[in-house]
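Listed in order, the protein sequences are those of chains A and B.
For the record, in the first sequence the residue sitting at position 25 is 25 according to UniProt numbering, with numbers rising by one throughout.
For the record, in the second sequence the residue sitting at position 69 is 69 according to UniProt numbering, with numbers rising by one throughout.
Hints were generated in silico from the structure; no laboratory data involved.
These figures come from a predicted structure and were not determined experimentally.
One should not assume that every hint holds.
Here are a few chain B residues that sit away from chain A, every Cβ distance over 10 Å (derived from the structure) [said to hold, decoys possible]:
{"id": "1", "residue": "Ile30"}
{"id": "2", "residue": "Asn74"}
{"id": "3", "residue": "Glu88"}
{"id": "4", "residue": "Gly94"}
{"id": "5", "residue": "Glu410"}
{"id": "6", "residue": "Ser490"}
{"id": "7", "residue": "Pro557"}
{"id": "8", "residue": "Arg619"}
{"id": "9", "residue": "Val621"}
Under the rule of at most 25 Å between Cα atoms (straight-line distance), these lysine to any residue pairs were calculated in the SDA-like manner [said to hold, decoys possible]:
{"id": "10", "chain 1": "A", "residue 1": "Lys24", "chain 2": "B", "residue 2": "Arg574"}
{"id": "11", "chain 1": "A", "residue 1": "Lys154", "chain 2": "B", "residue 2": "Lys161"}
{"id": "12", "chain 1": "B", "residue 1": "Lys159", "chain 2": "A", "residue 2": "Arg141"}
Each residue gets a CB set at the ideal place from its N, CA and C atoms; glycine is no exception.
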Amino acid sequence: MEKKLFINLGRCIACRACEVACEKEHGISFITVYEFRDIAVPLNCRHCEKAPCIEVCPTKAIYRDEDGAVVIDRSKCIGCYMCSAVCPYAIPIVDPIKELAVKCDLCAERRKEGKGPFCAAVCPTDAIIYADLNELMEEKRKRKAERIVEAQRKAVETLAYFG
Amino acid sequence: MEEFKIGLCPYCGMGCRFYIKTLNGQPIGIEPYPGGVNEGKLCPKGVAAVDFLRHKDRLKKPLKRTENGLVEINWEQAIKEIAEKLLEIREKYGPDTLGFFSSARCSNEENYLLQKIARLLGTNNVDHCARLCHASTVVGLAQTVGAAAQSGSYTDIPKAKVLLIWGYNPSETHPVLMRYILRARDNGAKIIVVDPRKTGTVWFADMHLQLKPGTDIVLANAMMHVIIEERLYDREFIMNRTKGFEKLIAVVQKYTPEYAEEITGVPAKLIRESAITFATAGRGIVMWAMGLTQHVTGAANVKVLADLALICGYVGREGTGLFPMRGQNNVQGACDMAALPNVFPGYQKVTDDEKRKYMAEIWGVEDLSSKPGLTIPEMIDAAAKGELKALYIMGENPVMSDPNTKHVIEALKNLELLVVQDIFLTETAELAHYVLPAAAYAEKEGSFTASERRVQWNFKAIEPPGEAKPDWEILTMLGKALGLPKFDYSDVEDITREITLVAPQYRGITPDRLKREVMGVQWPCPSEDHSGTPRLHVERFATPDGKANIIPVEFKPPAEEPDEEYPFILTTFRIVGQYHTLTMSNRSESLKKRWSSPYAQISPKDAEKLGIQDGEVIRIVTRRGSYTCRAVVTEDVSEGVIAVPWHWGANILTNDVLDPEAKIPELKVAACRVEKIGGC
Ligand code: SF4
Ligand code: SF4
Ligand code: SF4
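All chains, please: the whole structure from these sequences, using the hints.
This is the structure in structure tokens:
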């Protein structure tokens, strides 16, 4: 299975390192961190499996590349912003210079060099991870199991103590 | 040609590694370096760490003040004139009229050299900005556990079962440390945060004790009251490894949670619950920073936290420890190198005849001054009074970083000689007689010591701009011009090797080793074949008899309390995207646009009372000055508290009253009033 970019809201500390990293890579940031009273939401393209932007694009400028990322071919984009309108997260934005739709390309240049997306690479708390879903979940399950064992041992110890 | 050089982050005390990407010798970006304590991760400042290096404002030539303001002069001339003037002032008024500000931004070698110059000139008037951040820690920990440093390593954090985070907001000040803290939480640790503000760190906490600024001692004493009453302390540890528990019992007796509630504003029930949670966890870590230390009772604050950890037995074992988190990249190193007025490198007292003889011999002189020098605030005061005549400042910006700005400026203007050595023309440099252009972190080599006592080598990636030079080179030139003995260093390693001779903790930390071991070495490291010390106090404490001293302290209120004229408590804090006095961070477009301007947090109730809308411009006034910024109406602060990030010059407002023991100013509490100006 291909790697995807996961966002774990319970871990974001709103430091915006991801924004700065994306901006360094692309000149503008394709990820935005929205901060609320006790939680923050870093939001970028989810590279949806059933991507409405791909479906709706009249010139077929948006396509899926070999790693599964949803990307825009600038030479084909006509700047109609149908993609922005249909995106559930309102992701594609206007490039201030070229005046065409632009969006997160999952760091296409970096992937070519075998490196992962920059935002995930720097995120200090692993609120953003670039990973294979099944592997990721397997690891998480294992950690949960370890916690169960630990809790169980503690319960036994406590019993012994009071018993 | 594109190249990658291993870099060391110039911002906070975490000690993060990264690659500096260069193209034809110019820095073009940062790339994650897989090793290092940060495991490749970075905060926004780290990601933007090359931005200021080639900024047009970089100082490129030495400057001298003339009738036409600051004009360029050549290096030889500048050094010669400065040396002559220093010697002349010493001749005329005596060595103790000279003062030196060293820097937690500079390397160990550079701090070592500056204090050496001061001491060879005959004065111990040398200090650095730890005075404004962890001087209380240095004093408090020296008295209790005998070593003024973080006792464990970051890797202890995920092994703890409870984290008590006191006056410290890692989510903004050490974002990468949050990685370790969240791992602890994943492992089931409970997180207790003590802070007058609801910070990003509180989002992840199980309990938030939102105390009134300056009431820390009451809260800690009340927690100990509960722990003692419920008999949850570690009896064996107290018996075998500490002294003074009986006195503590007597002192904390009256600090019932109910009494503490009245003073701190934290519900008694919550105090009880947090005390029990802390004491019964089995493995705990106490972390603190400026919220605890910058008080008129700073050293006492540190002592109560140490007491709290000690009675629970949370020192010297895996997953436990005392963690004073360092704000600048080399606070620990600058302290270790004795950029402090009362000690030689390695915390050896200047008053100790034997130690002094030893230092004098190594430095090639008969004897050194045994009179402890002045601290930063004392030097500022002495300058204002005309008692201090010359001040040499390396890599510090006291006009912005010290409390009571107006007073600082008056003091600096009163000097016969002010030399500032820095990478930008700071607000302080603008007042100088001589300004010397220094190299920034990526343009020089040397060692830096991160918060967990980790000494790491800083590799050079690019050349300094113009005629700027590494601070150690400038100081070597100055030392020679002053005619000081043994100043013939040909490279920075010579100095590193001298440090291994002088500071016992650094004995095995040679330059070759640091270059080879990119992860660095944690001191103490007594010999070259020693692997370093991740954990202190394992068997004995660093006190003369090996036992920790439990030192009870009584509460003393802050120096200024709200009254009719100044009804609010002003407190200051830091934000993630700006750094200290903005010198470096605000020269990054990416940081500047996201963290753009000063503001003040005010509670909705207070805002309503004053008729202040969110975003409106307000003026904050204290007995020392006034400050204009935008209001942010938020429930993150309690009624009666106004909180401002200090980066944009808020020190015009803060109080310069000192803790008598640590001489740290009470930057965290001042009485203020808020005036509505209107307009957005
Ligand atoms: S870098 Fe990570 S923690 Fe920081 S704002 Fe982005 S997602 Fe959140
Ligand atoms: S742009 Fe929007 S719709 Fe398209 S893949 Fe990204 S998140 Fe999905
Ligand atoms: S994956 Fe790359 S392009 Fe997309 S938000 Fe992250 S850094 Fe930006």
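Evaluated hints:
1. Ile30: violated (7 Å)
2. Asn74: Holds: least Cβ distance 38 Å, greater than 10 Å.
3. Glu88: Glutamate 88 of chain B is indeed farther than 10 Å from all Cβ atoms of chain A, at 49 Å.
4. Gly94: holds (50 Å)
5. Glu410: The assertion about glutamate 410 of chain B holds, with a minimum of 38 Å to chain A.
6. Ser490: Consistent with the label, serine 490 of chain B stays out of reach of chain A, its closest Cβ about 38 Å off (over 10 Å).
7. Pro557: Proline 557 of chain B clear of chain A: closest Cβ-Cβ about 31 Å, beyond 10 Å.
8. Arg619: holds (26 Å)
9. Val621: Holds, since 29 Å exceeds 10 Å.
10. A:Lys24 to B:Arg574: This hinted pair holds, its Cα atoms lying about 24 Å apart.
11. A:Lys154 to B:Lys161: Holds, at about 13 Å.
12. B:Lys159 to A:Arg141: The given pair, whose Cα atoms are some 20 Å apart, holds under the 25 Å limit.
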